[in-house]
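Okay, here's what each chain looks like letter by letter:
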Amino acid sequence: MWDYSEKVKEHFFNPRNAGALDSPNGVGDVGSIKCGDALRLMLKVDPESETILDASFQTFGCGSAIASSSALTEIIKGKTLDEALKVSNQDIADWLDGLPPEKMHCSVMGREALQAAIANYRGEEWKDDHEEGALICKCFAIDAVLIEDVVRANDLTSVEQVANYTKAGGGCASCHEGIEEILAKVAKEHCTAPTAATRATPAAVPAAAAAAPRLTSFQRMRKIEETIEAIRPMLQRDHGDIEIVEIDGKNIYVNLKGACVGCMMEAATLNGVQTKLVEALGEFVRLLPASQMAKA
Amino acid sequence: MAPIYLDNNATTACDPAVVAAMLPFFTEQFGNPSSMHSFGNKVGFAIKEARAKVQALLGAEHDSEIIFTSCGTESDSTAILSALKAQPERNQIITTAVEHPAVLTLCDYLEKEGYVVTRLGVDKRGRLDMDEYRAALGPRTAIVSAMWANNESGTIFPVEAMAEMAHAAGAQFHTDAVQAVGKLPIDLKKTKIDLLSLSGHKLHAPKGVGVLYLRRGARFRPLLRGGHQERGRRAGTENAASIVGLGVAAEQAMTHMAFENTEVKRLRDRLEAGILAQVPRAFPTGDVTNRLPNTSNIAFEFVEGEAILLLLNKAGIAASSGSACTSGSLEPSHVMRAMGIPYTAAHGTTRFSLSRYNTEAEMNRVIAAVPPVIAQLRKISPYWGDKGPAENPEADFAPQYA
Ligand SMILES: Cc1ncc(COP(=O)(O)O)c(C=O)c1O
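Just so you know, the protein sequences line up as chains G and R, in that order.
Mapping the first sequence onto our numbering, position 230 (from 1) lands on 230, and the numbers just tick up by one.
With positions in the second sequence counted from 1, the corresponding number in our numbering is that position plus 1000.
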């Protein structure tokens, strides 16, 4: 049985705002019947103030999908559309006092429904770009598709590298067999590809970075700062932001803000930023959310 | 009101007689059966007695054909790996698409190691195609592994006939009978079955004890090598208390076999008919004319199984589901998918599995409790309108990503 919080149970057994809304002006349909999750979010938006006057949902899904839908409608009612867009899937999960890692996708679905419904209200086309794979790393909630993408993009060849780039496998280590299988699968593609002969085996550190000169600690700190500064505008465009909290050896702790926060997206963002830092510094660093500072 | 347990295919309660028989082996007769002193001198005899009781339940010709193991999974693994090791000239495994993960996951792994795995499909009712099976058998087939009865739908496979066919091709035949033992009469000496797995906790014995039946003369290679226990075919000090418990459970199963196939079956039929009479857009899955007497698996369309279970649990009813969410995987049950049950129904499959401890009064309570649970969830399902399912549910509600 899942370890659901009392709040999840409460919102599952007594969902708020369930059922069809009378003449909504923003509707978002997301999910997949294949995976057993589907959510329709309906909004009534005041065109003057762009305030969400009412919200309701219809959900086909498990306990946490229904609870996440219910939570979402409660969170966004009364917010303006711009405010609502700042609600991340982590906000939904936090509001419910947490979700099991296997169930984080329910909160992601909630956030996607919100984006879809607002896009529908604004007459825009909303396109989802993430594909979800089987959950591999339960400690950090990282799925197979993400790991495979990162392995392919960075020519990774070892479990340790995968942990450095994605965090997957960096916890209890029980998913290492699964990660090795993904590595083997990607390696096999390389073998049969015509470019195989010209493809150099990746060094332990990305090649460009390996050549970088050694930095003093001051230069290193500056470099980390510069790299992060260069990335910020990109995140801000997506209503997110990042700040450095602490640099402790090869662990760099940051706070992600706004739209960056949230399980799957957060992992992907951290991962991208980490890759940039590794390249800039010419050494392996691990980018971690500040929330993990105590644990490390 | 006392909760109602209808999840006996997952595991069962220990029979009180089983528990009573086990207790002395924790405190008084705790010695090692291999030792010379008096702390264990009754243990060897008790194990022998248990072996005879299991032999009787299975209709095995010799008591030495019974090997005690730690669980059904170990028995399955031992059987399949043994067949491959003992017949290195044969590299093919034939199994079915609806086996328990104890078999399927191992076969997936062996396939990666280079073995050839043939997975026989099933039809809408969960039945195998014997012609497809015949065509798959060949001179390189090392072992056929087909379950006697399916844990999700209860569908029974014609394993006796399949064993004959395997033998004709010179292959060994294994059956995972974890769900069948104790519910269906079995007489192995009249069959060509070489290997059979059973698990104690499905027949009111404790968890963590199982049996591998190994026909005398069938080539065998142990999984665990070490001491001389189980005649060197399964090393490791015997789980004496649990083996004794399993013996008593086997004896009880023999006593209750007729009851299981009359009274338990009647209660199951009553439950199923009672639910189907009240809930629209619901249907039983599997081969309803040829299934375990205790199992009813009902697909409720347009609702999701985990949500059903949570609401049933609140009403004091324990069942299980083939939905993806209950297992944390991305796809609903492989058994339901193999039968071609559409996703809108597969996620809502709910299994009610009874035991001899269930009562008529309990069935009445469940029949009353299920319809409002389904109605409540349909009310908030985007696939369900005011009066019934949306005209064309999958087209009407077509989310933007899949
Ligand atoms: C058909 C079948 N095979 C094997 C098993 C595994 O048995 P055990 O839990 O004893 O390993 C089960 C039980 O879940 C089962 O239903």
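One or more hints might be untrue.
Stated by the list, open to error - Selected chain G positions facing chain R (in silico; Cβ < 8 Å):
#1 Phe13
#2 Pro15
#3 Gly19
#4 Leu21
#5 Lys34
#6 Gly61
#7 Thr157
#8 Val159
It should be emphasised that the hints constitute simulated quantities derived from the structure, not laboratory data.
Heads up, the beta-carbon is just placed ideally off N, CA and C, and yes, glycines get one too.
Right, here's what the structure says about each hint:
1. Phe13: 7 Å, holds
2. Pro15: 7 Å, holds
3. Gly19: With Cβ-Cβ at 6 Å, under 8 Å, it holds.
4. Leu21: With a closest approach of 12 Å, the Leu21 of chain G hint is violated.
5. Lys34: Interface hint status for Lys34 of chain G: holds (5 Å vs cutoff 8 Å).
6. Gly61: 5 Å, holds
7. Thr157: 19 Å, violated
8. Val159: 18 Å, violated
In summary, the numbered hints that this structure violates are 4, 7, 8.
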